[in-house]
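Number of protein chains: 2
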Amino acid sequence: MRRKVYVEGPGVRVPFVEVGLSGGNDPVRLYDTSGPGSDPEVGLPPLRKPWATGRTQLAAARAGEVTPEMEFVAVRENVPVELVRDEIAAGRAVLPVNRNHPESEPMIIGSRFLVKVNANIGTSAVTSSVAEEVEKLTWATQWGADTVMDLSTGPRIHETREAIIRNSPVPIGTVPIYQALEKVKGDPVKLTWPLFRETILEQAEQGVDYMTIHAGVLLPYVPLAADRVTGIVSRGGSIMAAWCLAHHEENFLYTNFAELCEIFAAYDITFSLGDGLRPGSIADANDEAQFAELRTLGELTHLAWEHDVQVMVEGPGHVPMHKIKENVDLQVDLCGGAPFYTLGPLTTDIAPAYDHITSAIGAAMIGMFGTAMLCYVTPKEHLGLPGKDDVKAGMIAYKIAAHAADLAKGHPGAQAWDDALSKARFEFRWEDQFELALDPGTARAYHDETLPAEPAKTAHFCSMCGPKFCSMKISHDLKKQGMGLKSAEFVAGGSQVYVPLTEVSGPGR
Amino acid sequence: MRRKVYVEGPGVRVPFVEVGLSGGNDPVRLYDTSGPGSDPEVGLPPLRKPWATGRTQLAAARAGEVTPEMEFVAVRENVPVELVRDEIAAGRAVLPVNRNHPESEPMIIGSRFLVKVNANIGTSAVTSSVAEEVEKLTWATQWGADTVMDLSTGPRIHETREAIIRNSPVPIGTVPIYQALEKVKGDPVKLTWPLFRETILEQAEQGVDYMTIHAGVLLPYVPLAADRVTGIVSRGGSIMAAWCLAHHEENFLYTNFAELCEIFAAYDITFSLGDGLRPGSIADANDEAQFAELRTLGELTHLAWEHDVQVMVEGPGHVPMHKIKENVDLQVDLCGGAPFYTLGPLTTDIAPAYDHITSAIGAAMIGMFGTAMLCYVTPKEHLGLPGKDDVKAGMIAYKIAAHAADLAKGHPGAQAWDDALSKARFEFRWEDQFELALDPGTARAYHDETLPAEPAKTAHFCSMCGPKFCSMKISHDLKKQGMGLKSAEFVAGGSQVYVPLTEVSGPGR
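Going down the list, the protein sequences come from chains W and X. FYI, the numbering for the first sequence is 653 to 1161, going by the numbering used here. FYI, the numbering for the second sequence is 653 to 1161, going by the numbering used here.
Heads up, a few of these hints could be off.
Identical chains share a label here; the pair holds if one copy fits it or two copies do between them.
As the list claims (entries may be wrong) - Derived DSS-like pairs: lysine-lysine, alpha-carbon spacing no greater than 25 Å straight-line: (1) 656 with 842; (2) 1109 with 1132; (3) 701 with 1131; (4) 1109 with 1131; (5) 837 with 975; (6) 1131 with 1044; (7) 656 with 1040; (8) 835 with 1040; (9) 837 with 1132; (10) 656 with 1131; (11) 1132 with 842; (12) 656 with 1044; (13) 1125 with 977; (14) 1131 with 842; (15) 1040 with 975; (16) 1131 with 975; (17) 837 with 977; (18) 656 with 701; (19) 1044 with 1125.
For the record, the hints were derived by calculation from the structure and aren't laboratory data. Quick caveat: nothing in here was measured; it's all calculated off a predicted structure.
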């Protein structure tokens, strides 16, 4: 049985999902992103309103202050609150909390913490409605999304975002250039700094927690992408590149970056420095266009920090496995350890319709190397807008990647989940195994396809091997017969049964 | 358009799938495992019958001889035939070809060649029929299975295997202990060497190309598994452990290994040395039970080589990412470079129903580190027997993992596939993109869900971003406007537009 429980901390009450187990086994507590549940017409209660302060989390951390948000994530991650504060102070972690989005539950993004997953949703000009997007938001957080990006384009962009923010228990990210482009009817050349600034303020007021800003697509870098197999594949990157070339001027996001910092500081919005020149194919990975931009993102990271503004840095994209580590090492070096936030990366281009898998491989690896948050990829990537099924498929693949990375990094407590499930499996506690699964319903349904009867839920085998060939059943029988006891006898007896093979089994026997 | 083509080599005719492309682009040739197609009642033609010889491929290679099978795989892999011969001679590659399975098309397994994928099929006592299994075989090879293991248990084991072998264009592997156990009505204690020997001969006569032999589960190793979270999870391993403990004698597969070698040499059957003590959970990975057995498998590898018998070595199982590389390094060291053949490994235990994904992550990584063949895992792993949909899901996930590994290893020609697809994507050649996809039908269907009309197949956007936000469209427009030309101007002009940020954008601007 799964149920929601709350753990008390100093001034905070932190939600978890508790999985009750049978047979006297301790319950297992899982990180919970689903929020308290909302009526879409009303929105969520403003949890964080009483905690409001004029400082950013970074400014507070630097002043040695522990905010209620830090207390909350310390309980949530089961780590000392000093670690939370110090990692934020050093810029190695961010706690995205626009003061106008008090509905969100605090969460932290940084390499010393659990690897997080972002889900992209949003309407496009071609398809989708506001209600559908709120439903996708709720769906995504139920499947474990730690943040959600609203990538809506099309006419109802403001209204969609308002509905999403008021109903979101997780931080919301956006790419403001999309709305700015709507305001100039889709012509990148007509974009201006005042128009963009106005758009940022509009979204800041609504409560957007982090924004992707493509300030690293500099005019001299654009030609570096000219001979690529897939050119520029970031929407924001291509828009800014078009603007730069048309005006033959430097990117206005770069030249006005300090003013952006002031606005972000006023709301405690976190930068997500966009990688507008990320590679869109295996062929283009780790090229000069990509790394030139990354150097500029490093420069901008340090500038944002001067303004007490929190920063994440976005990363690729499409990268073959052997080139993944270089991305992390370079980012850590250039960006002073600011959290890396990557899209996959996809480790091959050959499988459209399965890019949740091609990229889960890269995501798990880049997570292991230190990436703090993974932007999911759904099966619809490159083909169309994700529906609910796609959101779920993307979330599951990425929760797997993130957890595999947590295990590989040795995150304290991560392996307890695996151990509890494996123990349930070995002891034929089928219901416990299902309840502990990332997706209990599907695990149960697959089991029931071939052995639907209720007794099979306590059977000491499944249809995969049948009763006679169940290794775990045999293994249990051995244990009952005293495999452990015999062990002691063997060791005491010098393990005499074992004779080097050459002595007992020469040619011809 | 996809079509089957044949490439001629010295005395051989090797099948490929050729993907024809539009717009004057060169066609792309893909490795083809689907075989010539068979009427299940008749079986496939005996392609290799005229090539029969008394030698094993290993003996021939050691004598410097190039067999027709070697010529075939050299064309198939696009490598020099001398490389094929030398890798086989050194034991670093195997070419599994039972002389009684002349229907199969030669293929090679070794770290210098394309990473291969095995699909497990087979009836169990609880479910499935012979005709269904032949259908699964054909289905698996259509989706790219390089070998298929028939893991049937239950009453119709001989008949199922016969139907599978006669219809298989790929090598067939088995685990003979399963049939031996059927012969003693499921009681491991009643197993004997003569009974096992008779079973091996029966399967050898039928044409099984490689057999899993759990000769490394030694009596003194069994107690090492006593305190594991999941004990012994290999069926064959648990059977042999039960036998050893009950008789308090050494594993009869180990003590009679030399005689096994003689039988294998007579048919040119390849050993697949089973890892009966592989870990069944993250908690048990890389433990002493596992590595003790691996040391014995190394010993047996060298003994088989003395008999001119080809050898692969099986590997785990469940391993967290940071412990994967150690498995490969140790196996290469202990087993003299004999091909490693791993089941996944799964990188976390928390996602039953998605273990094709948890394990594709591990499979891709272990492939990159040098594993020669990956045994697929389907979504039904731990829950039930795979049906056709599961076989396909497992195959797709593993073809992705294998190809990602080929890219990471820099296998010559591997990236041409990715580049062709990415180029088609960038040029909005939608039909070419679909045809080049690992699963063309699904890619096309996903695209058509939101933009079904025929003109959308030539549209310069998809429903994901819509026309205004398509980065690739903008990127193309830039290119037309001379992004490349501007590049030259910039470089010539000293890239003067770029000014370090601190100079143009101080605080307050």
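Status of each hint after checking the structure:
Proximity of residue 656 and residue 842 under a CA criterion of 25 Å is satisfied in neither setting, with 50 Å inside one chain copy and 52 Å between copies. Only within a single protomer do residue 1109 and residue 1132 lie at most 25 Å apart by alpha-carbon distance; the minimum there is 22 Å, versus 64 Å between protomers. Taking the shortest Cα distances, residue 701 and residue 1131 never come within 25 Å of each other, neither inside one copy (57 Å) nor across copies (50 Å). When the C-alpha separation of residue 1109 and residue 1131 is checked against a cutoff of 25 Å, the pair qualifies only within one copy, where the shortest distance is 22 Å, while the shortest distance between copies is 61 Å.
Proximity of residue 837 to residue 975 under the C-alpha cut-off of 25 Å is found in neither arrangement, the shortest distances being 39 Å within a copy and 53 Å between copies. In this homomeric assembly, residue 1131 and residue 1044 never come within 25 Å of each other (Cα to Cα): the closest approach is 40 Å inside a single copy and 37 Å across copies. Only within a single protomer do residue 656 and residue 1040 lie at most 25 Å apart by alpha-carbon distance; the minimum there is 24 Å, versus 38 Å between protomers. Taking the shortest alpha-carbon separations for residue 835 and residue 1040, neither the intra-copy value of 29 Å nor the inter-copy value of 50 Å comes in at or below 25 Å.
Taking the shortest Cα distances, residue 837 and residue 1132 sit within 25 Å of each other only across copies (22 Å), while inside one copy they are farther apart (74 Å). With identical chains, the CA atoms of residue 656 and residue 1131 are never at most 25 Å apart, being 37 Å at best within one copy and 54 Å at best between copies. Taking the closest pair of Cα atoms, residue 1132 and residue 842 come within 25 Å of each other only across two copies (19 Å); inside a single copy the shortest separation is 77 Å, beyond that limit. Taking CA atoms no more than 25 Å apart as the test, residue 656 paired with residue 1044 passes inside one copy only; the shortest distance there is 21 Å, against 37 Å between copies.
Taking the closest pair of Cα atoms, residue 1125 and residue 977 never come within 25 Å of each other, the shortest separation being 42 Å inside a single copy and 31 Å across copies. In this homomeric assembly, residue 1131 and residue 842 come within 25 Å of each other (Cα to Cα) only across copies, at 19 Å, whereas the closest approach inside a single copy is 75 Å. For the homomeric pair residue 1040 and residue 975, neither the shortest alpha-carbon distance inside one copy (33 Å) nor that between copies (35 Å) is at most 25 Å. In this homomeric assembly, residue 1131 and residue 975 never come within 25 Å of each other (Cα to Cα): the closest approach is 46 Å inside a single copy and 27 Å across copies.
Taking CA atoms no more than 25 Å apart as the test, residue 837 paired with residue 977 passes in neither setting, with 40 Å inside one copy and 53 Å between copies. Taking the shortest alpha-carbon separations for residue 656 and residue 701, only the intra-copy value of 23 Å comes in at or below 25 Å, while the best inter-copy value is 66 Å. In this assembly of identical chains, residue 1044 and residue 1125 lie within 25 Å of each other by CA distance neither inside one copy nor across copies; the values are 34 Å within and 29 Å between.
Checked against the numbered hints above, the structure breaks hints 1, 3, 5, 6, 8, 10, 13, 15, 16, 17, 19 and satisfies the rest.
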